[in-house]
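A.B. asks: Chains as they are written, first to last, in the numbering used here: chain A, 106 to 358; chain B, 106 to 358.
In short, the hints are calculated from the structure, not lab data.
Some hints here could point you the wrong way.
Any copy will do: because identical chains look the same in the list, a pair fits if it lies in one copy or spans two.
[Said to hold, decoys possible] Straight line, CA to CA, 25 Å or less: simulated SDA-like cross-link-like pairs of lysine to any residue: (1) 310 x 286; (2) 310 x 172; (3) 310 x 225; (4) 310 x 332; (5) 310 x 124; (6) 310 x 189; (7) 310 x 336; (8) 310 x 199; (9) 310 x 200; (10) 310 x 339; (11) 310 x 298; (12) 310 x 235; (13) 310 x 182; (14) 310 x 338.
Here is how the chains run, residue by residue.
There are 2 protein chains.
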Amino acid sequence: MTDAAAPFRFVLVRTSHPGNIGAAARAIRTMGFDRLALVAPAQFPSREADALAANAVAVLAAATVHGDLPAALAPATLALGLSARRREVELEELSPREAAARAVAEAARGGTVALVFGNERTGLENAELACCHATVRIPSVEDYASLNLAQAVQVMAYELRLAVLERATPAAVVTTPAPPPAPVEQLERFFAHLADTLEAIDFHKGRDPTQIMLRLRRLVMRARPDERELRILHGILADAERMAALALGRDGR
Amino acid sequence: MTDAAAPFRFVLVRTSHPGNIGAAARAIRTMGFDRLALVAPAQFPSREADALAANAVAVLAAATVHGDLPAALAPATLALGLSARRREVELEELSPREAAARAVAEAARGGTVALVFGNERTGLENAELACCHATVRIPSVEDYASLNLAQAVQVMAYELRLAVLERATPAAVVTTPAPPPAPVEQLERFFAHLADTLEAIDFHKGRDPTQIMLRLRRLVMRARPDERELRILHGILADAERMAALALGRDGR
Numbered sequence: 106m107t108d109a110a111a112p113f114r115f116v117l118v119r120t121s122h123p124g125n126i127g128a129a130a131r132a133i134r135t136m137g138f139d140r141l142a143l144v145a146p147a148q149f150p151s152r153e154a155d156a157l158a159a160n161a162v163a164v165l166a167a168a169t170v171h172g173d174l175p176a177a178l179a180p181a182t183l184a185l186g187l188s189a190r191r192r193e194v195e196l197e198e199l200s201p202r203e204a205a206a207r208a209v210a211e212a213a214r215g216g217t218v219a220l221v222f223g224n225e226r227t228g229l230e231n232a233e234l235a236c237c238h239a240t241v242r243i244p245s246v247e248d249y250a251s252l253n254l255a256q257a258v259q260v261m262a263y264e265l266r267l268a269v270l271e272r273a274t275p276a277a278v279v280t281t282p283a284p285p286p287a288p289v290e291q292l293e294r295f296f297a298h299l300a301d302t303l304e305a306i307d308f309h310k311g312r313d314p315t316q317i318m319l320r321l322r323r324l325v326m327r328a329r330p331d332e333r334e335l336r337i338l339h340g341i342l343a344d345a346e347r348m349a350a351l352a353l354g355r356d357g358r
Numbered sequence: 106m107t108d109a110a111a112p113f114r115f116v117l118v119r120t121s122h123p124g125n126i127g128a129a130a131r132a133i134r135t136m137g138f139d140r141l142a143l144v145a146p147a148q149f150p151s152r153e154a155d156a157l158a159a160n161a162v163a164v165l166a167a168a169t170v171h172g173d174l175p176a177a178l179a180p181a182t183l184a185l186g187l188s189a190r191r192r193e194v195e196l197e198e199l200s201p202r203e204a205a206a207r208a209v210a211e212a213a214r215g216g217t218v219a220l221v222f223g224n225e226r227t228g229l230e231n232a233e234l235a236c237c238h239a240t241v242r243i244p245s246v247e248d249y250a251s252l253n254l255a256q257a258v259q260v261m262a263y264e265l266r267l268a269v270l271e272r273a274t275p276a277a278v279v280t281t282p283a284p285p286p287a288p289v290e291q292l293e294r295f296f297a298h299l300a301d302t303l304e305a306i307d308f309h310k311g312r313d314p315t316q317i318m319l320r321l322r323r324l325v326m327r328a329r330p331d332e333r334e335l336r337i338l339h340g341i342l343a344d345a346e347r348m349a350a351l352a353l354g355r356d357g358r
């Protein structure tokens, strides 16, 4: 695991279903994290957790188990509690993105960050939220707030990974390759070939080709073909011309 | 469901485990979406799917089932395929955030957007990605790319919800003029006509057409032709076929 991931701990509180612990382990592992802390899990270790962890069983093996939340949060300099409902508890409420940015900033100054997830049914109790510096609310639909625990963990881990990657590379997270588009010179050669071919296969049938050629130009310009693609298109035109020559040649025209 | 959610469809292709279909239904429902399309699911409907859908069984009940991906994509004007691996297929690769922004812009101009998720083990095949306008890559760790299907759906639905909410607030305004691109159904009809024509003019000359067709698909998908442009292209193909028929007919072949 990268050092960049070390300052972040995912803390699952009073989890009822061991399967969710396994799925959560997998979720954080896919995003490059591996520190899992369990507070009073209903059942752990468990075969079901291992099954749902898939290749992330190492995360489960290294998970720490604690009697209560303060024990699990002991090393944390910033604790953020996931909370579906808006609470009376007047804690600052962050979006997952805001929380990820703050977590990464905290780690950058040498801090340790805990992301805290409550019980599947009841979430985090007020006493548990009181151990957190702020709440994080995933913007699910009001009429249907309940994200599955592992899915809430996935969303938070995803945002945290984006924030970590952003910090690691000032550039965009995902780059888009693709060969460079062909230069205009080659495009013009293609348009000339296309015009000849449309004549050869008698596409215009007496109509003025100007408008059609403009439309086809726009279409091709939009696609921004690369050199290899242009070669394919030239090949198609050449075969169409060949057929036209055969056809009309036989006509004796 | 809000109108804002109507233009977005989540398409699950060849899903092996019915539980994942249920979990995916729940994932999109938590983010305010409800259109689910299933392509050749291993088992559906299923009790396991209903169980994992929790309160989102209505999404499953309304899910459409299709024999192949083109059928599921027929009404889509923008199809984005989730893909863990970087492919040979040189489709544009978007981050989930970029994809969500593009999807919302597409919906804003009256389009219909499909988010396509492949089989749990094998993902989307190249032929399936070839039906998509771009790929979406969730930036999971290189050494451990496999997000659980439902969790990939959750991340994408989460980003899409953020983009929808952002747009709902007058802040972000993404305007896109130009006539709407032709739906996949019409693109597939064009690709079929193109394949026939290339055979007719003997373009392949014994070579396997698969790669060429993939490249041509990519090129056309990138151009995103509208219906009028497709009519012009069909007309060109028809004349090329006519010439081939004359030519080869005269040859007595």
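A.B. asks: Hint by hint, note whether the structure agrees.
C.D. replies: Right, here's what the structure says about each hint:
no. : hint      : in the structure
1   : 310 x 286 : neither (33 Å within a copy, 27 Å between copies)
2   : 310 x 172 : neither (32 Å within a copy, 41 Å between copies)
3   : 310 x 225 : neither (38 Å within a copy, 53 Å between copies)
4   : 310 x 332 : between (31 Å within a copy, 22 Å between copies)
5   : 310 x 124 : neither (47 Å within a copy, 56 Å between copies)
6   : 310 x 189 : neither (35 Å within a copy, 49 Å between copies)
7   : 310 x 336 : between (27 Å within a copy, 16 Å between copies)
8   : 310 x 199 : neither (36 Å within a copy, 43 Å between copies)
9   : 310 x 200 : neither (39 Å within a copy, 47 Å between copies)
10  : 310 x 339 : both (22 Å within a copy, 15 Å between copies)
11  : 310 x 298 : both (18 Å within a copy, 21 Å between copies)
12  : 310 x 235 : within (23 Å within a copy, 34 Å between copies)
13  : 310 x 182 : neither (34 Å within a copy, 32 Å between copies)
14  : 310 x 338 : both (23 Å within a copy, 15 Å between copies)
Against the hints set out earlier in the document, violations occur for numbers 1, 2, 3, 5, 6, 8, 9, 13.
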